[in-house]
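Engineer: Go by the hints and put chains C and H onto chain Z.
Chains as they are written, first to last, in my numbering: chain Z, 29 to 392; chain C, 176 to 432; chain H, 10 to 189.
Hints should not be assumed to be uniformly reliable.
Stated by the list, open to error - Calculated pairs, EDC-like style, for lysine to aspartate or glutamate (alpha carbon to alpha carbon, straight line, at most 20 angstroms):
| # | chain 1 | residue 1 | chain 2 | residue 2 |
| --- | --- | --- | --- | --- |
| 1 | Z | Lys-231 | C | Glu-214 |
| 2 | C | Lys-415 | C | Asp-404 |
| 3 | H | Lys-67 | Z | Glu-32 |
| 4 | C | Lys-224 | Z | Glu-222 |
| 5 | Z | Lys-33 | H | Glu-154 |
| 6 | H | Lys-67 | Z | Glu-298 |
| 7 | Z | Lys-300 | H | Asp-65 |
| 8 | Z | Lys-33 | H | Asp-65 |
| 9 | C | Lys-267 | Z | Asp-224 |
| 10 | H | Lys-66 | Z | Glu-298 |
| 11 | H | Lys-67 | Z | Asp-178 |
| 12 | H | Lys-158 | Z | Glu-126 |
| 13 | Z | Lys-258 | Z | Glu-344 |
| 14 | Z | Lys-223 | C | Glu-223 |
As the list claims (entries may be wrong) - Computed from the model, here is a short list of chain Z residues facing chain C with C-beta under 7 angstroms:
| # | residue |
| --- | --- |
| 15 | Phe-80 |
| 16 | Leu-94 |
| 17 | Cys-230 |
Note that these hints are calculated values from the structure, not bench results.
Yeah, the Cβ is synthetic: ideal placement off N, Cα and C, and Gly gets one too.
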Amino acid sequence: MPSEKMLMNGSQTVGEAAVRAGCRYYFGYPITPQNELPEYLSARMPEVGGTFIQGESEIASINMVLGASVSGARTMTSSSSPGVSLKQEGISYMAGMELPAVIINMMRGGPGLGNIAPSAADYFQATRGGGHGDYRTPVLAPGGGQELVDLTFEAFDLADKYRNPVLILGDGLMGQIMEPVVFPDFIDLKDLPEKDWALRGCKGREARAVFSMILGQKGELYRHNLDLQKKYDRITAEEQRWETKCPENTELIVVAYGSAARIAESAIEELKTEGINAGLFRPISLWPFPLPALRELSKQIPKVAVFELCLGQMVEDVILSVGERSEIYFHGLPGGIIPTPAQVAEFLRSIVKGDGKVGRRIEV
Amino acid sequence: MSTDIEYKKIFGWPESLKHNPTHYCPGCGHSIAHRLVAECLDEMGLREKTIGVPPVGCSVLAYNYFNFDMVEAPHGRALAVATGVKRVHPDKFVLTYQGDGDLAAIGTAETIHAANRGERISTIFINNAIYGMTGGQMAPTTLLGQNATTAPGGRDSRLHGQPIDISSMLAVCGGVVFVERCALTSVKQIRKAKKAIKKSFQCQLDDLGFSLVELLSPCPTNWKVSPKDSWDWVNEEMVKTYPLGVIKDTTGYEDKK
Amino acid sequence: MITRTIFAGFGGQGVLLMGYVLSHGAMHKGLDVTYFPSYGAEMRGGTANCTVTLSDKKIASPVASNPDILVAMNFPSLEKFESTVVEGGTVFLNSSLFEERPSRDDIDVVPVPIMDLAREAGSARGENMVMIGTVCAKAGLLSLEETIKGMQAALKGKDKFFSLNQKAIERGFAFAADGK
Numbered sequence: 029m030p031s032e033k034m035l036m037n038g039s040q041t042v043g044e045a046a047v048r049a050g051c052r053y054y055f056g057y058p059i060t061p062q063n064e065l066p067e068y069l070s071a072r073m074p075e076v077g078g079t080f081i082q083g084e085s086e087i088a089s090i091n092m093v094l095g096a097s098v099s100g101a102r103t104m105t106s107s108s109s110p111g112v113s114l115k116q117e118g119i120s121y122m123a124g125m126e127l128p129a130v131i132i133n134m135m136r137g138g139p140g141l142g143n144i145a146p147s148a149a150d151y152f153q154a155t156r157g158g159g160h161g162d163y164r165t166p167v168l169a170p171g172g173g174q175e176l177v178d179l180t181f182e183a184f185d186l187a188d189k190y191r192n193p194v195l196i197l198g199d200g201l202m203g204q205i206m207e208p209v210v211f212p213d214f215i216d217l218k219d220l221p222e223k224d225w226a227l228r229g230c231k232g233r234e235a236r237a238v239f240s241m242i243l244g245q246k247g248e249l250y251r252h253n254l255d256l257q258k259k260y261d262r263i264t265a266e267e268q269r270w271e272t273k274c275p276e277n278t279e280l281i282v283v284a285y286g287s288a289a290r291i292a293e294s295a296i297e298e299l300k301t302e303g304i305n306a307g308l309f310r311p312i313s314l315w316p317f318p319l320p321a322l323r324e325l326s327k328q329i330p331k332v333a334v335f336e337l338c339l340g341q342m343v344e345d346v347i348l349s350v351g352e353r354s355e356i357y358f359h360g361l362p363g364g365i366i367p368t369p370a371q372v373a374e375f376l377r378s379i380v381k382g383d384g385k386v387g388r389r390i391e392v
Numbered sequence: 176m177s178t179d180i181e182y183k184k185i186f187g188w189p190e191s192l193k194h195n196p197t198h199y200c201p202g203c204g205h206s207i208a209h210r211l212v213a214e215c216l217d218e219m220g221l222r223e224k225t226i227g228v229p230p231v232g233c234s235v236l237a238y239n240y241f242n243f244d245m246v247e248a249p250h251g252r253a254l255a256v257a258t259g260v261k262r263v264h265p266d267k268f269v270l271t272y273q274g275d276g277d278l279a280a281i282g283t284a285e286t287i288h289a290a291n292r293g294e295r296i297s298t299i300f301i302n303n304a305i306y307g308m309t310g311g312q313m314a315p316t317t318l319l320g321q322n323a324t325t326a327p328g329g330r331d332s333r334l335h336g337q338p339i340d341i342s343s344m345l346a347v348c349g350g351v352v353f354v355e356r357c358a359l360t361s362v363k364q365i366r367k368a369k370k371a372i373k374k375s376f377q378c379q380l381d382d383l384g385f386s387l388v389e390l391l392s393p394c395p396t397n398w399k400v401s402p403k404d405s406w407d408w409v410n411e412e413m414v415k416t417y418p419l420g421v422i423k424d425t426t427g428y429e430d431k432k
Numbered sequence: 010m011i012t013r014t015i016f017a018g019f020g021g022q023g024v025l026l027m028g029y030v031l032s033h034g035a036m037h038k039g040l041d042v043t044y045f046p047s048y049g050a051e052m053r054g055g056t057a058n059c060t061v062t063l064s065d066k067k068i069a070s071p072v073a074s075n076p077d078i079l080v081a082m083n084f085p086s087l088e089k090f091e092s093t094v095v096e097g098g099t100v101f102l103n104s105s106l107f108e109e110r111p112s113r114d115d116i117d118v119v120p121v122p123i124m125d126l127a128r129e130a131g132s133a134r135g136e137n138m139v140m141i142g143t144v145c146a147k148a149g150l151l152s153l154e155e156t157i158k159g160m161q162a163a164l165k166g167k168d169k170f171f172s173l174n175q176k177a178i179e180r181g182f183a184f185a186a187d188g189k
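Bound conformation, chain Z alone (with noise of 0.2 angstroms):
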């Protein structure tokens, strides 16, 4: 049965519904603004059977959730930051070995330890793969309270579906609201598809090997990489997720993820009284990027206005979306603050007024 409506907040809320969406392994290691979430499932796994460890750093808790993952399970770490950093040698190994996983990352301000506010500077980081070799991960960026909940279950499904780690973007201030919640029922993990890659001992069929190490003399590594792209062009092609809201006689568009959304989105509400119709493109999927729903948006609407909480990353999918259509205009605010509407808003109305006081005009 679904839960009934609780008050929590984004960590607690990730935590849920991992729990519900089968994650019954979960390795982490201390990091603000993200502990509730570990806090929430060291007591909640043992509830339903499931394994809760600290690690002794992020690099263990990664590598506990490959060994994990390579043994079937639905399993997930989480962190901020620099604790992601850590964590990219593992989610690296796992995108070579092709293992699915669920790494969740409530950003904070870096670059280095920064501080633990929440910020949005590790989009580069997750959307370009973030570890060495040729990958990319899926990742998900909710906008906060219910959509933790679904995007925290289909993030465990599109892993199982491609095989692949998947990312959940939030940050610091995501993680300590709470909202009103509702969880679904918990999966049957009976009901999965059974994974006929994973690891069990070897009985009843030949031993099995899962690596990433492919040293062959015949392009055996080449053609990894090919198939490896392969299946990133599937996702890109089928796993595009955004929102857009706009009203009639749009004049300007706001491109925000996450808590940056939601912030830009009370601003466009205030900016309604004062005459100015903007609306708002919410990409949910950061990797794959929206790139053809806002590329066909550019073309109805002349002023694209990119707000974010760090100094440009995700203005730069946006230039690659919009090209030369529209004009594109950036406001980023340097992590490590809690951003207000006000400050959106200022945003807006300098684009409207032309008058440049606030953000700049992207050149294409």
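Structural biologist: Just chains C and H, lined up with the frame of chain Z:
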């Protein structure tokens, strides 16, 4: 008079080894260690329920030789990966097979913490005091004065630190029940090594905790000596820094003669 | 309808719990709600604040540029947030603790002697419950029943505190009604 002779098989190819020629150098200890692990798994009936984790290093391709399920780990992370495997499959048999660079340098944290958690895993630790696969660089276990391509003139304690005795370090961890150091360089020691490996496997089957068998192993290629001299060097020099014998045993097992 | 409230004060004054009670009560009432606690460095510095947004429609930003209501449990909180309150907004003050008042004249100011009221209600530790009762009643956010439900949900599993807290909340509602 009947000429019927009754044949009894007294030696054969272990089922836990594939029929593949190895890439190991002549005189290398890995082939002996592989054979011992395979024999022990066969004799204890574990092959079909075993999941092994090889290291990064010379034995990274061990899955080409071992005939059971294996998953390759990133360098040093074997015991973290094995932890994930064992937690999902507590009823299966999980072993890691790791070299000195993997276990005692880049993977020190993973090693100590998996051991200290008392993960029900058996670890075979090959100590040859050198980085073999990458071409003879200094290992954490390289002896003082021993030449390496990154310690020209020999290991100097002021410059490179002392050789690390990780097995003794692990012995102080609460989750560890059995640690023994053996050598692969005499018939007597090889027999002892096999006994130690079996004991380590038994620890896991009996749910006692973490166990490790360290095997001093010759690397004639990177030590730049003949196979014969490499055996002598283990027996005469290496054992001074790494004395053979049981380092920790809280199993309560009575050793059978 | 959308109402944004900032609760602020020292750590230990039950500031986050007030926000939590309001959030649960609002959810019980069927409203959308977002609860955003301050976290991290500020928390360790000894001050705490949280922003609660209530709406009958889906809430976009959980961060408020300008709150409609400020609940200042100490003077530093009044100083910090006074200027951010919207024109025509309301500031609730812990008048048991400080005598300073806002310098603006375009906002309503409601001093609440929460220490005295809490003692009258039989619980010296119920100051925050008196305050949340007063706020919910005066600003028309929640009914008495909804506020009590909110308190019970926020303190789920700590039933032994329910009856004293309920008395403190009722005292707050009474104070809001007749100013004493």
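Engineer: For every hint, state whether the structure bears it out.
Structural biologist: Outcome of the hint check:
This hinted pair checks out: Lys-231/Z and Glu-214/C have alpha carbons roughly 18 angstroms apart, not beyond 20 angstroms. Annotation: proposed proximity of Lys-415/C to Asp-404/C holds, straight-line Cα distance about 16 angstroms (limit 20 angstroms). About 18 angstroms separates the Cα atoms of Lys-67/H and Glu-32/Z, which keeps this hinted pair within 20 angstroms; it holds. Distance hint between Lys-224/C and Glu-222/Z is fulfilled; the C-alpha atoms sit about 19 angstroms from each other, no more than 20 angstroms.
Between Lys-33/Z and Glu-154/H the CA atoms are separated by roughly 19 angstroms; this keeps the pair inside 20 angstroms, and the hint holds. For the hint linking Lys-67/H to Glu-298/Z, the alpha-carbon distance of about 15 angstroms falls within 20 angstroms, and the restraint holds. Proximity of Lys-300/Z to Asp-65/H is assessed by CA-CA distance (about 19 angstroms); at most 20 angstroms being required, the pair is judged to hold. For the suggested pair Lys-33/Z and Asp-65/H, the alpha carbons sit about 16 angstroms apart, so the restraint of at most 20 angstroms is met.
Between the alpha carbons of Lys-267/C and Asp-224/Z the distance comes to roughly 17 angstroms, so the proposed pair stays at or under 20 angstroms and holds. Among the hinted pairs, Lys-66/H with Glu-298/Z is consistent with the structure: their alpha-carbon atoms are about 15 angstroms apart, no more than 20 angstroms. Taken as a hint, the Lys-67/H and Asp-178/Z pair is honoured in the structure, with Cα atoms around 17 angstroms apart against an allowance of 20 angstroms. Only pairs whose Cα atoms come within 20 angstroms are accepted, and Lys-158/H paired with Glu-126/Z is rejected, the gap being roughly 49 angstroms.
Between Lys-258/Z and Glu-344/Z the CA atoms are separated by roughly 24 angstroms; this puts the pair beyond 20 angstroms, and the hint is violated. Note on Lys-223/Z and Glu-223/C: the hinted pairing holds, with a Cα-Cα distance of about 18 angstroms set against a maximum of 20 angstroms. Taken as an interface hint, Phe-80/Z does not check out: its beta carbon lies about 10 angstroms from the nearest beta carbon of chain C, beyond 7 angstroms. Taking 7 angstroms as the C-beta cut-off, the interface hint given for Leu-94/Z holds, the closest approach to chain C being about 5 angstroms.
For the restraint placing Cys-230/Z at the interface with chain C, the shortest Cβ-Cβ distance is roughly 5 angstroms, inside the 7 angstroms limit, so the hint holds.
Hint violations for this structure: numbers 12, 13 and 15, all remaining hints satisfied.
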